[in-house]
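Residue numbers (my numbering), protein chains in the order written: chain A, 708 to 796; chain B, 156 to 311; chain C, 9 to 246.
Just so you know, these hints were derived from the structure itself, not from any lab. Among these hints, one or two may not hold up.
[What the hints assert, rightly or not] Short derived list, chain C residues pointing at chain A, Cβ under 10 Å:
{"id": "1", "residue": "63"}
{"id": "2", "residue": "64"}
{"id": "3", "residue": "67"}
{"id": "4", "residue": "128"}
{"id": "5", "residue": "141"}
{"id": "6", "residue": "142"}
{"id": "7", "residue": "229"}
{"id": "8", "residue": "230"}
[Said to hold, decoys possible] Pairwise CB distance ranges, derived in the manner of DEER restraints:
{"id": "9", "chain 1": "A", "residue 1": "729", "chain 2": "C", "residue 2": "19", "range": "19 to 29 Å"}
{"id": "10", "chain 1": "C", "residue 1": "12", "chain 2": "B", "residue 2": "169", "range": "26 to 36 Å"}
{"id": "11", "chain 1": "C", "residue 1": "115", "chain 2": "B", "residue 2": "169", "range": "44 to 54 Å"}
{"id": "12", "chain 1": "C", "residue 1": "19", "chain 2": "A", "residue 2": "710", "range": "25 to 35 Å"}
{"id": "13", "chain 1": "B", "residue 1": "162", "chain 2": "C", "residue 2": "47", "range": "53 to 63 Å"}
{"id": "14", "chain 1": "A", "residue 1": "730", "chain 2": "C", "residue 2": "24", "range": "25 to 35 Å"}
{"id": "15", "chain 1": "A", "residue 1": "779", "chain 2": "B", "residue 2": "221", "range": "38 to 48 Å"}
{"id": "16", "chain 1": "C", "residue 1": "37", "chain 2": "B", "residue 2": "224", "range": "26 to 36 Å"}
{"id": "17", "chain 1": "A", "residue 1": "708", "chain 2": "C", "residue 2": "12", "range": "21 to 31 Å"}
Glycine included, each C-beta is placed from N, C-alpha and C at the ideal position.
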Amino acid sequence: MIWLVLVTMAVMLAAALAVIGLRSYLAAVAAISVVSLALSVLFAILRAPDVALAEAAVGAGLSGVLLALTLRRVGLWTPAADDDGEDRP
Amino acid sequence: MTMDAEMLGKALYAGAVCLVLLGLYGMVVPRNLMRIVLGLVLLESGVNLFLVAAGFRADAAAPILTAPFTAQAAGPLVDPVPQALVLTAIVIGVGVLALGLALVVRVKEAYGTLDTHAVANRMARETGADPAVTAAGARTPGALPVAAGRTAEDAP
Amino acid sequence: MKGNARAFASALFLIGLGLMLVTLFEALPFGGAPMQVGQAIAGRALEDTGATNIVSAVLLAYRGLDTLGEVAILFVAATAAGLVLGGAGRAEAQGTPAGFILRAAAALLFPFLLVLGAYIVIHGHLTPGGGFQGGAILAAAFFVPLLAHPASPVNHGVATVVEAFAGAVFVVIGLAGLVGGGAFLVPLLGAGTPGDLFSAGSLPLLYLAIGLKVGSELAGLMARIAAAGDPARQGGKA
Chain A
708 MIWLVLVTMA VMLAAALAVI GLRSYLAAVA AISVVSLALS VLFAILRAPD VALAEAAVGA
768 GLSGVLLALT LRRVGLWTPA ADDDGEDRP
Chain B
156 MTMDAEMLGK ALYAGAVCLV LLGLYGMVVP RNLMRIVLGL VLLESGVNLF LVAAGFRADA
216 AAPILTAPFT AQAAGPLVDP VPQALVLTAI VIGVGVLALG LALVVRVKEA YGTLDTHAVA
276 NRMARETGAD PAVTAAGART PGALPVAAGR TAEDAP
Chain C
9 MKGNARAFAS ALFLIGLGLM LVTLFEALPF GGAPMQVGQA IAGRALEDTG ATNIVSAVLL
69 AYRGLDTLGE VAILFVAATA AGLVLGGAGR AEAQGTPAGF ILRAAAALLF PFLLVLGAYI
129 VIHGHLTPGG GFQGGAILAA AFFVPLLAHP ASPVNHGVAT VVEAFAGAVF VVIGLAGLVG
189 GGAFLVPLLG AGTPGDLFSA GSLPLLYLAI GLKVGSELAG LMARIAAAGD PARQGGKA
């Protein structure tokens, strides 16, 4: 069980880093869905089936759809570019 | 087994801390409103993971009663209160996310950009606000991007 | 230069916060939760409510008022999002037609998603799931066809009526608890036989109301964000 937790945690943290690091917004939204999915697996391992179901349906499903729809609306729906997203501080 | 549980706890808490820090970084450093929203979602996930991990008991079952349907037969159960709390938090989180995204869409339509500094500059020009304050908010190196984001979100 | 200064300050802040959190969590026990309330509730939830899913019992019976507040927050967020997007209409329409796979899958998925969502809502007091999870799935069921046919008009009127009616049902069930001299939202109709579909008194009714309300709210929210700035779709808005 501990190995399952560690592997899931690694996937989750790698996806979280990708959310911060990837320049493409479409990829970042996909990565945040991966974070939610890994999180729901962790909830299931922690014996919280209700929370796991909610995270999978709401976090991985609806939030991803909402974010993707917004990307399309604000014109960031492209695999590579970010128009005014100069992330450099 | 206790060794395992101890490692499990450390790993889970470490993961929650990492998610919270990554989410905060995503909210503080980038200047794009969309990035700030993504950081908010990460931060929320970290807090949820911590709350569920805090209610975990190594020797207990999930809080769903099965066949004999008595609390005695079920034995020890995982604490249901943090789970109910996190369920609430997840659903409220999607509401907050939707409101934030609606504001992002509106800012993009009104100003044509999602860059917090550019939005703050244009707001200052259009409203004729105190130029010293807004210029400082837009150009000074130490300016907090979060504060700039707030002003941008207040746009009509 | 100035970018470096800001990144440095942010990094300093994050490191400090990380150290603080690690110190806090070091002192926190793991695996043996020190909370007493949860164990007390787990021991008596079945006698009190008749629900075998104790998280549902906590959510609807012990913390019912919180759940009413949560539903109210979701309602306010959905209304505010609709209000913010309401005046939108300057951006160009993006009626991109969906591909064949999406159109075929949407027609195929709709009944299955509907049944799954209804099952999860109705069995919320027995098995994992409930009004919030099932409501989200119901919203997805109604949104997938919209994604496949972006040109179809959205009828926000029906969703608004369902949402208002479900919210009123929740409050009425809560007020009915006051009639018998009990508290607001006290479980009614007796506990029944644990494990039966018709058990746990008024809890399944509350979850049904929550499921309909959450489902219609989230579906309306997604339709609004999808249609924002698209003049062709603004007509159907309630």
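- prompt: Quick check: which numbered hints come out false for this structure?
  reply: Result: hints 13, 17 break, sorted rising.
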